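Each protein sequence line maps, in turn, to chains A, B, C and D. Letter by letter, the first sequence follows residues 1 to 209 in this note's numbering. Letter by letter, the second sequence follows residues 210 to 418 in this note's numbering. Letter by letter, the third sequence follows residues 419 to 627 in this note's numbering. Letter by letter, the fourth sequence follows residues 628 to 836 in this note's numbering.
FYI, nobody ran anything at the bench for these hints, they're computed from the structure. Check the hints yourself; a few may be wrong.
[To be verified] Below, a sample of chain D positions facing chain B; criterion: calculated Cβ distance under 7 Å:
id, residue
1, Arg635
2, Val643
3, Ala647
4, Gln715
5, Leu719
6, Leu723
7, Leu724
8, Val741
9, Gln745
10, Leu747
[As the list claims (entries may be wrong)] Result set (SDA-like, lysine to any residue): computed pairs, CA atoms no more than 25 Å apart in a straight line:
id, chain 1, residue 1, chain 2, residue 2
11, D, Lys779, B, Asn287
12, B, Lys238, A, Val25
13, D, Lys656, C, Gly569
14, C, Lys499, A, Asn5
15, D, Lys656, B, Ile398
16, B, Lys290, A, Ile189
17, A, Lys81, C, Gly569
18, C, Lys499, D, Arg702
All figures in this text were calculated on a predicted structure; none of them were measured in a lab. Cβ coordinates follow ideal geometry from the N, Cα and C atoms, glycine included.
Letter by letter, the chains look like this.
4 protein chains.
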Amino acid sequence: MDEKNTNRLEAFSDGVFAVAITLLVLNIKFSGLDSRGNLLDDQHLWNNLHDQWPLLVAYVTSFATIGIMWINHHRLFNHIKRTDTGLQLFNLLLLLLIVFIPFPTALLAQQYAVHPDQHLAAAIYSGTNTIMAICFNLLWRYASYHNRLLGKDTDPRSVQAINRQYLFGPLLYLISFGLAWINVPSSLILNLILALFFAVPGRPPRQLT
Amino acid sequence: MDEKNTNRLEAFSDGVFAVAITLLVLNIKFSGLDSRGNLLDDQHLWNNLHDQWPLLVAYVTSFATIGIMWINHHRLFNHIKRTDTGLQLFNLLLLLLIVFIPFPTALLAQQYAVHPDQHLAAAIYSGTNTIMAICFNLLWRYASYHNRLLGKDTDPRSVQAINRQYLFGPLLYLISFGLAWINVPSSLILNLILALFFAVPGRPPRQLT
Amino acid sequence: MDEKNTNRLEAFSDGVFAVAITLLVLNIKFSGLDSRGNLLDDQHLWNNLHDQWPLLVAYVTSFATIGIMWINHHRLFNHIKRTDTGLQLFNLLLLLLIVFIPFPTALLAQQYAVHPDQHLAAAIYSGTNTIMAICFNLLWRYASYHNRLLGKDTDPRSVQAINRQYLFGPLLYLISFGLAWINVPSSLILNLILALFFAVPGRPPRQLT
Amino acid sequence: MDEKNTNRLEAFSDGVFAVAITLLVLNIKFSGLDSRGNLLDDQHLWNNLHDQWPLLVAYVTSFATIGIMWINHHRLFNHIKRTDTGLQLFNLLLLLLIVFIPFPTALLAQQYAVHPDQHLAAAIYSGTNTIMAICFNLLWRYASYHNRLLGKDTDPRSVQAINRQYLFGPLLYLISFGLAWINVPSSLILNLILALFFAVPGRPPRQLT
Chain A
1 MDEKNTNRLE AFSDGVFAVA ITLLVLNIKF SGLDSRGNLL DDQHLWNNLH DQWPLLVAYV
61 TSFATIGIMW INHHRLFNHI KRTDTGLQLF NLLLLLLIVF IPFPTALLAQ QYAVHPDQHL
121 AAAIYSGTNT IMAICFNLLW RYASYHNRLL GKDTDPRSVQ AINRQYLFGP LLYLISFGLA
181 WINVPSSLIL NLILALFFAV PGRPPRQLT
Chain B
210 MDEKNTNRLE AFSDGVFAVA ITLLVLNIKF SGLDSRGNLL DDQHLWNNLH DQWPLLVAYV
270 TSFATIGIMW INHHRLFNHI KRTDTGLQLF NLLLLLLIVF IPFPTALLAQ QYAVHPDQHL
330 AAAIYSGTNT IMAICFNLLW RYASYHNRLL GKDTDPRSVQ AINRQYLFGP LLYLISFGLA
390 WINVPSSLIL NLILALFFAV PGRPPRQLT
Chain C
419 MDEKNTNRLE AFSDGVFAVA ITLLVLNIKF SGLDSRGNLL DDQHLWNNLH DQWPLLVAYV
479 TSFATIGIMW INHHRLFNHI KRTDTGLQLF NLLLLLLIVF IPFPTALLAQ QYAVHPDQHL
539 AAAIYSGTNT IMAICFNLLW RYASYHNRLL GKDTDPRSVQ AINRQYLFGP LLYLISFGLA
599 WINVPSSLIL NLILALFFAV PGRPPRQLT
Chain D
628 MDEKNTNRLE AFSDGVFAVA ITLLVLNIKF SGLDSRGNLL DDQHLWNNLH DQWPLLVAYV
688 TSFATIGIMW INHHRLFNHI KRTDTGLQLF NLLLLLLIVF IPFPTALLAQ QYAVHPDQHL
748 AAAIYSGTNT IMAICFNLLW RYASYHNRLL GKDTDPRSVQ AINRQYLFGP LLYLISFGLA
808 WINVPSSLIL NLILALFFAV PGRPPRQLT
């Protein structure tokens, strides 16, 4: 087996996260021109920008989502110290989903701003998050199984804290997927709570290093 | 608390800065074709390129702005040696604004070239810069509060020099925001002076390392 | 000769891989709008997404292809420890092909979904893969010739395992290129087998590090 | 003065080079569809691809140009070991040009394929290369002046070899700029020779490290 340190895997992943989070901005299309190519005056420019708030909401939401995924990835690789082909493949699967996430987010922002009674966009959004939570679990379970790829000095309590936190992720996202077909706002609120839940470490103030 | 070194945070931020600064070039649309898809001869090509100078000005200005933000980020992380979840979130907030900055810049270049009497684009530009200056302050105050995340060998005079320099940033940008509603050129000149002010270190020639 | 360590060459290559794999997402154009700019309801949105499955297949296939190329690049640079101008040029040639690979893949996905009887797209796809396999060989043979740029502690059996695995790559891809003109599905299956073959290390479980 | 090591400057520059070289691929627009959105059969697909060779030539040329610039940047930073604000600003200026280079290249490829008698595109191309050569000189002269930012163990003969090689760059590119107004092919050939000249190290086989 090729087991190596994780430097290049982290550098490559950071690159993918950085590009994915920056490409989000391409969805914002500010233009100071009207449809005939003439420049707008302040009044019309203001109206024009005002109409674009769903795109701005999608930008901020996607940015926060990918940012929180990066914080999680970072946290896992504090403990994962070696890599093999299996880990590389699970990591690629996770990155595939992270690069994809802006699409359901933009679709949701676009739809929900105008058709709050439609369920499909919210379901696709929650469904993508569910699959993402499963992929994070696969990566972590693969690496932490019998401490296979973890550092020798890993604190077992940190590993357990992550195990516990990650156990409920897919289940709760699956509930938000179900809710999307019944009541869209409550599904979105659950998604928001879950994002914040994954932004903070598993068992907060443990010890100072 | 997960406190770790800042290597991955810097690598991820460098990636975001690098992508954001390079994507600027996508706004330039040189084309050697006329609107019917025929190739232009030298005379018409020259006229065509000549009409695009606002885009070139926006490219150079945005590039310089993001570049100077990178120099500032670099300077802060000479002193910040550890990271925790709070710092990662403040850093993400800052990156969100840095990735966004090309939009107000392009809008301003487009508008100001033709409608120098309109105020909104200049106000949005100064306003974005004000929020950015506040975010830089939040990041720095969070990290330097009681030397929380600074290196042990940090020179307190360097920290104070940054503190002093950063104190005036948001105030002065707020003034440029006010000026944008009164007199656009003086607002732009103040923005330019502030950019140069933040490009140089807080208390210039201190000591050689 | 400028012989140096490979850190920057790996960082630059990781950056190119990361950008190339992330740009794939730009080919997906989800839109919740119909051709007149009105928002679609759930039923029409579903149909619209459903029609885009060739784009999704192309996204996943290209992502997997570039990901496996990254795993291979990573594996070679476990052994290559120094760099010179020749290696940099061979590496650039390889990156040129890797950045290009999404095009034949998208073309194939688009064509094969509708015209399974047409051969050209499959031939271009196999042909690009053949050239890529040759470039991987050039890079590796250049570096490993008389152990020129390999680490001093490289296991000769690992080098031989890579040599053996890489020997058959171009030949087998050339066969898939020939098959593309005769029978497209069998050519695609051979390409798939080859991708999986290159995803796993040369001589699987050798020893644990 | 903030003098620090060059790690982050190199990482940021590598990121910019990597994004710039990968974005080149966005100029290639393979499409298996005709202008009405129908899929092309093999015969028409072949014709369609065949018409796009100027785009492919521009892709390969720009990729080689940016790649060779990266090799040069890499070579200089083998010797440059510390950074200050001045170096960061000269480096940003250089990156501004490197990110810009695909435009004159694409313009030239587009024009020269159809209007070989027009001079402007070739002049813009040579002019951009001249400015780039000047920026490389500024960066290097700033860093190497009295060995200001070079490593302590830098071989003075390597520094002199780079000095000599860089002295002629701007002059020769200026000649190619002049030639563009007289005879386009000879200007292009001179540009090609210069690119190859800068791809190889200053004084080739010196010693093995």
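Consistency of the hints with the structure:
no.	hint	result
1	Arg635	6 Å, holds
2	Val643	5 Å, holds
3	Ala647	5 Å, holds
4	Gln715	5 Å, holds
5	Leu719	4 Å, holds
6	Leu723	5 Å, holds
7	Leu724	10 Å, violated
8	Val741	5 Å, holds
9	Gln745	5 Å, holds
10	Leu747	4 Å, holds
11	Lys779/D - Asn287/B	22 Å, holds
12	Lys238/B - Val25/A	18 Å, holds
13	Lys656/D - Gly569/C	42 Å, violated
14	Lys499/C - Asn5/A	15 Å, holds
15	Lys656/D - Ile398/B	42 Å, violated
16	Lys290/B - Ile189/A	36 Å, violated
17	Lys81/A - Gly569/C	22 Å, holds
18	Lys499/C - Arg702/D	17 Å, holds
When each numbered hint is compared with the structure, violations occur for hints 7, 13, 15, 16.
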